[in-house]
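Asks: Here the structure of chain A is known, so what remains is to put chain C in place on it, guided by the hints.
Protein chains: 2
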Amino acid sequence: MHLANSGFDVAGVDNFLRRKWVGEVGSHSATPIGSMEERIRAFKQSFGRRIHFDYGDLRNYDFVYYVLEKYKPDVVVHMAEQPSAPFSMIDVDHAVLTQTNNIVGTLNVLHAIRKVVPHCHLVKMGSVGEYGVPSVDVPEGFFEIEYRGRKDTLPFPRRALTDWYHWSKTFDSGNLMLASEIWGVRSSDIMQGIVYGTRTDEMVNDHLITRFDFDAIFGTVLNRFCAQAALGHKLTVYGSGGQRRPIISLRDSIQCLTLVIENPPDEGEYRVFNQFDEVYNAAELAQKVKNVANKLGFDSDIQHIENPRIEDEHLHYYNLIHEKLQQLGFKASHNLEGELEIMLTDLNKYKQRLIAKRDHILPKVGWGD
Amino acid sequence: MHLANSGFDVAGVDNFLRRKWVGEVGSHSATPIGSMEERIRAFKQSFGRRIHFDYGDLRNYDFVYYVLEKYKPDVVVHMAEQPSAPFSMIDVDHAVLTQTNNIVGTLNVLHAIRKVVPHCHLVKMGSVGEYGVPSVDVPEGFFEIEYRGRKDTLPFPRRALTDWYHWSKTFDSGNLMLASEIWGVRSSDIMQGIVYGTRTDEMVNDHLITRFDFDAIFGTVLNRFCAQAALGHKLTVYGSGGQRRPIISLRDSIQCLTLVIENPPDEGEYRVFNQFDEVYNAAELAQKVKNVANKLGFDSDIQHIENPRIEDEHLHYYNLIHEKLQQLGFKASHNLEGELEIMLTDLNKYKQRLIAKRDHILPKVGWGD
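The listed protein sequences derive, respectively, from chains A and C. Quick note: to get my numbering, add 737 to the position in the first sequence (first position is 1). Quick note: to get my numbering, add 737 to the position in the second sequence (first position is 1).
Chain A extracted, bound-state conformation (with noise of 0.2 Å):
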């Protein structure tokens, strides 16, 4: 919506398998989510703008060949992604799903790309998660190495954090790096930090609002605290919370991937983005949605339970350097404590959505089960 908004031609693909996927572990999107035709015709009335869309499966190449021929892309932008980590972890028919669903689709659109439009700049949405948690700082993908008396320059270390998931993330990273190496294929590689949040600025009316899970398996952390809060629910932070992470708003998502668009690669190049905003850990997040939560006259309060993920979760260095999106422009849009409010805010209004799922944000799946 943003990106025709802003004048760019869209056409968008989906199998819809998140809300599947979502409704599989029982749960639903705290905002109600019409038909892909409801939201085109609001999108339409709104803003005077079509946007095209196609129902496929990238894992069917022949489906993203056809998408390609049909709409000869300059800009291919990859999300279609299993994203979940807790989800990877349920079992091995997860685990394998999750990993041959990511590299599948990853694969065949760089093999289609190359096909049909080679010169196209493809944008992958990546995970910083695919970093792991490393006692050095982290470069923006590659860094001058030192060894033994020698120096070159490799892709920064993938030790990923501990699910199937991320470690997907980071086959998609490769394979991508090879196809702009032997192809030529422009690439951007995004490792993103946790999203959060319930609005773009497109997003003027219930109609065109976007999807936001709160779910133990599809809900980010932030995205869970708010709808704790806004529940009257303790907000749950796994362990002792000391996991670093960083975060970026949806909107400043949204600012980021259009900044990279709008900046594109050199042919063959393989250009790698830290993308977020700020880090903090899990107990700090959770303070500050309490503080929101209790400004805004919600009763809140914190509580810390068994830690369903093996995970390093004691205070520990962490420094990703970001320089590149803010050297294209980009800047926060709001702090975390304006999100928060218009968060908050808006899941109050879908409150009776939240109830119907309370019993889903909770984790039941556990790395060691």
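Just so you know, these hints were derived from the structure itself, not from any lab. Take these hints with a grain of salt, some might be off.
Note: identical chains are not told apart, hence a pair may lie in one copy or across any two.
Below, in silico cross-link-like pairs of lysine to aspartate or glutamate (EDC-like), each with a Cα-Cα straight-line distance of 20 Å or less [what the hints assert, rightly or not]: (1) K888 x D1049; (2) K852 x D1106; (3) K888 x E877; (4) K852 x D830; (5) K757 x E774; (6) K852 x D828; (7) K1086 x D943; (8) K1027 x E1078; (9) K888 x D874; (10) K1061 x E999; (11) K757 x D791; (12) K971 x E918; (13) K1101 x D828; (14) K757 x D794.
This structure is a prediction, so every number in the text was calculated from the model and none was measured.
Replies: Just chain C now, kept in the frame of chain A:
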């Protein structure tokens, strides 16, 4: 055969995909390979020991679970991967087949080990190609990194050789590292050099010989040179032939495997070996084969052809540290010339089978096609 002959109880698992794939690309093994039943019977006759066997596909989790339940192994040796770079470059279907076959098989093995035999030692075949050809020394898996004034021990960066196959090997290594970290799986990851040779010591007659692929897709570089020498064809070097690669004979690969099995890692340890004997570039290897062939009376010459791969073919720095297997007692059993003599003598015996498929030695799959 070597392990069974050394006193281990051995059960094999295969779905014979290698035979099928070599057939699909139009070739066959230079050595005639009987059915598994014939081979097991021949081994029993010569060595008096029974090797168990189950037909099945590692991509089928229920099958993997079943065989682990059936045998309750102390060690699982996982070599069931699609092993060819050119095969993965044929088209998108072969890229997807390679990466999904390799990842799904390994994910299933890891999940089944965790459920059935959590203390079992997993030995997985990786590739030195996972490291690519960096300009710095390459440690055995992990190294101490110093960056912007801080230190950490991290996996050496994987920037694999330029094909989907080698990248798939880095993916499996990541999955092994994760399983050891979160589930305590004991694992040994073998970064193996290019294997060559026709024999191990147990191949005492024609019924027990191993397969020997010499086609452009499944034949490794020394095997192809030897087949060409036995046929009186020119030895075809890809491009300038400066590509430096580590090599190891089949016989010594089995010696290393035995040492790794006899010296298991600790619970939760993920251990990496760089497994090879010597390093040569492609032009040097052709020269070695030519010299031995001439000595044995084969007419032999070298021809440089256009490189079908997109790779750095100029002389480059290349130094992989390989000390761990030497510390366990590894000693090369023959020098290269000695092993080449055995190979050429063996291949001369099967010359009719080489002639039948001689049109499949020159490359037909190009990285840039």
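Asks: For every hint, state whether the structure bears it out.
Replies: Quick rundown of the hints versus the structure:
Only between protomers do K888 and D1049 lie at most 20 Å apart by alpha-carbon distance; the minimum there is 18 Å, versus 31 Å within a single protomer. Proximity of K852 to D1106 under the C-alpha cut-off of 20 Å is restricted to the inter-copy arrangement: shortest distance 10 Å between copies versus 44 Å within a copy. Within a single copy, K888 and E877 get their C-alpha atoms as close as 18 Å, and across copies as close as 18 Å, so both meet the 20 Å cut-off. In this homomeric assembly, K852 and D830 come within 20 Å of each other (Cα to Cα) only across copies, at 14 Å, whereas the closest approach inside a single copy is 32 Å.
Within a single copy, K757 and E774 get their C-alpha atoms as close as 17 Å, which meets the 20 Å cut-off; across copies the closest is 47 Å, which misses it. Taking identical chains as interchangeable, the C-alpha atoms of K852 and D828 lie at most 20 Å apart only when they sit on different chains, with a minimum of 11 Å there against 36 Å within one chain. With identical chains, the CA atoms of K1086 and D943 are at most 20 Å apart within one copy only, with a shortest distance of 11 Å there and 78 Å across copies. Within a single copy, K1027 and E1078 get their C-alpha atoms as close as 11 Å, which meets the 20 Å cut-off; across copies the closest is 76 Å, which misses it.
In this assembly of identical chains, the alpha carbons of K888 and D874 lie at most 20 Å apart whether taken from the same copy (18 Å) or from different copies (9 Å). Within a single copy, K1061 and E999 get their C-alpha atoms as close as 14 Å, which meets the 20 Å cut-off; across copies the closest is 50 Å, which misses it. Proximity of K757 and D791 under a CA criterion of 20 Å is satisfied intra-copy only: 18 Å inside one chain copy versus 38 Å between copies. Taking the closest pair of Cα atoms, K971 and E918 never come within 20 Å of each other, the shortest separation being 50 Å inside a single copy and 31 Å across copies.
In this homomeric assembly, K1101 and D828 come within 20 Å of each other (Cα to Cα) only inside a single copy, at 12 Å, whereas the closest approach across copies is 41 Å. Taking identical chains as interchangeable, the C-alpha atoms of K757 and D794 lie at most 20 Å apart only when both belong to the same chain, with a minimum of 13 Å there against 29 Å between chains.
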